[in-house]
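Protein chains in written order, with the numbering used here: chain A, 1 to 513; chain B, 1 to 176.
Just so you know, these hints were derived from the structure itself, not from any lab.
Wrong hints could be hidden among the right ones.
[Unchecked claim] One side only, chain A facing chain B, incomplete, derived with CB under 7 Å: (1) Ala51; (2) Thr63; (3) Arg66; (4) Ala69; (5) Phe76; (6) Thr201; (7) Asn202; (8) Ala351; (9) Ala355; (10) Pro363; (11) Arg370; (12) Tyr372; (13) Asn373.
[What the hints assert, rightly or not] Away from chain B, derived, C-beta distances all over 10 Å, residues of chain A: (14) Thr9; (15) Asp12; (16) Val43; (17) Pro101; (18) Gly111; (19) Leu118; (20) Ser151; (21) Gly230; (22) Val234; (23) Gly247; (24) Glu261; (25) Asp327; (26) His329; (27) Pro443; (28) Ile472; (29) Val507.
[Stated by the list, open to error] Covered by chain B, according to a simulated footprint, are these stretches of chain A (three or more residues, beta-carbon under 8 Å): (30) 53–59; (31) 153–164; (32) 314–320; (33) 340–350; (34) 356–362.
Beta carbons: idealized from backbone N, C-alpha and C, even for Gly.
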Amino acid sequence: MAPANALPTDLDVLVIGTGAGGAPLLARLAQAGLKVAALEAGVRHPPEGIATDEVAQLGLFWTDERLSAGNDPVGFGRNNSGRGVGGSTLHYTAYTPRAQPDDLKLRTEFGQGEDWPLEFSELEPYYDELEYFLGVSGPENYPWGPQRKSSYRHPPLPLNGAARLMQKACAEIGMKTSPAANAALSRPQEQEGYGTRHTCTNRGFCQAGCSIGAKASMDVTFLALAESLGAQIVDGAQVTALTMKDGRVTGAEFMRGQELEHLSAKTVILAAGAVETPRLLLMNGLANSSGQVGRNFMAHVGMQVWGQVDDDLRPYKGIPGGLISEDTHRVPGLIGGYLLQSLGVMPVTYATQYARGTLKWGPELVQHLRGYNHVAGINVLGECLPYEHNYLELSDELDGRGLPKPRIHFSFGENEKKMNAHAEALMRDLWGRIGARDVWALPRAAHTLGTARMGADPETSVVNPFGRTHDIENLWICDNSTFTSSLSVNPALTQMALSLRTADALVEGLKQA
Amino acid sequence: MTTKEREAILAMLNSAHVTEPTRRALLERLNARYGHEFFDEVEFGRLRALAVRLVPHDPAEMDLAGTVDHRLIVGIGDGWRYADALPDGEAYRELLAALPEGFETLNGDAQDAAIPAVQSSHPHAFEDLLAELTEAFMAHPVTQYRFGYAGFADAPEWPHVGPNELEPREEAYGPR
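Go ahead and model the full structure; you've got the sequences and the hints to work with.
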């Protein structure tokens with residue numbers, strides 16, 4: 001018998017990355033009978049090993065240094081970049097709204113931004129499937145977007161303090177709200193390949209990893225399923241190069257510990273995210289005949305407004321994003337729109353954001369932090385247009401492996417600035433209505449999107465509408481780098497839908513070949 | 001920290017309300033002392049003095065400056081830095097060097113008066129250091145106890161999440 005850590009051979013497909021891009025398709029391809037494996041830079045983080053402590057949980061994040069440039073430099077690491085078997089889904093807030101049909105047609109609607117090379121109707125069946133499989137908890141009738149075919153699988157999770165305050169404030173100005181859709185269980189669920197996933201215990205540490213498997217991260221859902229079907233996951237394996245022969249990709253070279261190793265496969269799928277995917281392509285000079293690799297980097301407008309109230313809110317309890325409003329999906333004067341969500345928060349995250357956001361220090365800083373139990377937050381997540389001035393490039397500075405660190409340029413454009421101003425005014429008004437004091441606003445950008453966009457035209461895009469690179473027939477990309485526009489919703493659910501769609505296209509293509 | 005504070009913290013950390021990985025992390029932090037390996041004696045003295053002004057604390061009960069030094073030795077960062085800033089350790093050294101001569105021996109008011117100048121001459125280093133010290137402060141069990149923060153005691157569920165719906169273990173934790 002081969003040793004447990006032996007590398008697989010004769011692979012049909014090798015997937016690089018195990019997050020929301022890599023995991024669903026790994027399971028789908030295994031289900032179709034293909035011999036598949038995944039390389040993951042991080043290690044396994046079983047739920048029972050997860051501490052309720054943000055500092056101890058730093059290992060869930062991508063902490064290799066990235067250089068942030070531009071007028072609005074993006075913070076990486078804890079803000080948006082995961083590392084481990086499950087990728088960024090280990091720390092996502094499990095917030096799973098669907099994109100709306102018009103999100104995919106910005107250029108048609110506004111003459112700016114880009115249209116996606118696919119229709120909402122192509123995503124919809126995948127949304128249905130995913131919400132059921134992941135076990136999304138949500139309202140019986142979701143009030144925005146096209147009528148759903150069925151309700152969410154589970155009833156909504158309980159609303160915490162911030163959610164109830166937002167509900168009250170929004171009602172005062174006639175703004176509609178609803179319990180959000182969250183991929184965390186309000187009832188136990190049997191998960192194929194994993195076992196029983198338990199009900200959420202209202203421990204608001206989703207962003208530091210779920211310790212009970214209630215949150216639908218990829219490790220307890222698609223990856224467990226994939227492994228039960230024979231897929232192999234090689235963890236602790238940092239890919240350093242793609243190998244090529246006669247214009248086709250033949251596999252990937254990776255570092256595991258101090259060893260340089262190689263895996264061969266007939267097809268390779270890059271699912272390493274909107275920073276590592278273009279970085280690897282640029283280092284290897286691949287798939288870039290369009291010159292678009294690294295271009296059109298996007299990060300959602302993510303303005304947060306915080307305040308303190310007399311009530312004891314305990315913002316460490318309950319799902320962090322419990323209440324939503326999409327009433328601002330379209331706002332006159334803005335291209336695209338945004339959604340509003342209530343915010344619970346963990347103490348260290350709150351404290352460091354306050355320090356960076358206000359630069360307060362001394363007794364004033366400590367006095368504010370002393371009120372942590374009374375903190376309520378609200379934030380937006382809004383459209384960010386693709387721009388020429390936002391891009392990723394390789395710097396001259398080398399990391400610990402001798403590879404160039406990526407430098408990411410990001411500046412809000414006019415539309416994002418207008419959206420920030422609109423959102424800040426609205427949220428300050430809402431928090432004024434609940435009598436919040438010490439109100440402060442944190443302008444920020446969230447998520448990593450773009451850098452290897454999909455499109456029908458090989459001159460202006462890196463991959464085709466199904467994720468295959470225009471340049472290399474057996475190299476595909478399936479992660480948030482292929483997003484044509486940012487969408488005005490959290491990206492995870494749409495990313496998983498794209499992943500299943502890519503898998504179906506790949507299997508269909510293999511059948512025809 | 002007083003004996004009473006320490007006993008209350010240990011009682012909670014060692015209770016069934018705290019999961020094993022959480023307990024391990026917090027007990028280790030409660031007792032952590034690092035000293036200096038990255039910074040030299042003078043630099044570290046300045047860092048400690050600056051840290052006390054930026055995030056008021058007693059270095060005898062929580063070693064925030066040592067936590068920064070230790071992090072720089074271990075070499076793990078937070079995943080990014082401003083592209084026009086030096087690597088963290090070098091940036092902090094420059095910030096410390098920009099403080100007036102004898103900063104560590106000045107009285108508190110004089111130290112506070114000197115801080116805005118280095119904040120404006122080294123804005124990124126100032127922000128990063130402030131955030132790093134704030135993180136170490138807020139993550140410390142003593143701070144959490146004094147602020148009545150009990151979020152780590154979540155081995156049982158939190159059945160009630162609405163305003164003022166506290167569990168007995170939340171109400172009991174912290175100064176009365």
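Tested hints:
no., hint, result
1, Ala51, "holds (4 Å)"
2, Thr63, "holds (5 Å)"
3, Arg66, "holds (5 Å)"
4, Ala69, "holds (4 Å)"
5, Phe76, "holds (4 Å)"
6, Thr201, "holds (4 Å)"
7, Asn202, "holds (4 Å)"
8, Ala351, "holds (4 Å)"
9, Ala355, "holds (4 Å)"
10, Pro363, "holds (6 Å)"
11, Arg370, "holds (5 Å)"
12, Tyr372, "holds (6 Å)"
13, Asn373, "holds (6 Å)"
14, Thr9, "holds (35 Å)"
15, Asp12, "holds (34 Å)"
16, Val43, "holds (15 Å)"
17, Pro101, "holds (34 Å)"
18, Gly111, "holds (33 Å)"
19, Leu118, "holds (32 Å)"
20, Ser151, "holds (23 Å)"
21, Gly230, "holds (31 Å)"
22, Val234, "holds (23 Å)"
23, Gly247, "holds (35 Å)"
24, Glu261, "holds (24 Å)"
25, Asp327, "holds (24 Å)"
26, His329, "holds (28 Å)"
27, Pro443, "holds (14 Å)"
28, Ile472, "holds (30 Å)"
29, Val507, "holds (36 Å)"
30, 53–59, "holds (count 5)"
31, 153–164, "holds (count 5)"
32, 314–320, "holds (count 4)"
33, 340–350, "holds (count 4)"
34, 356–362, "holds (count 4)"
The structure meets every hint from the earlier list without exception.
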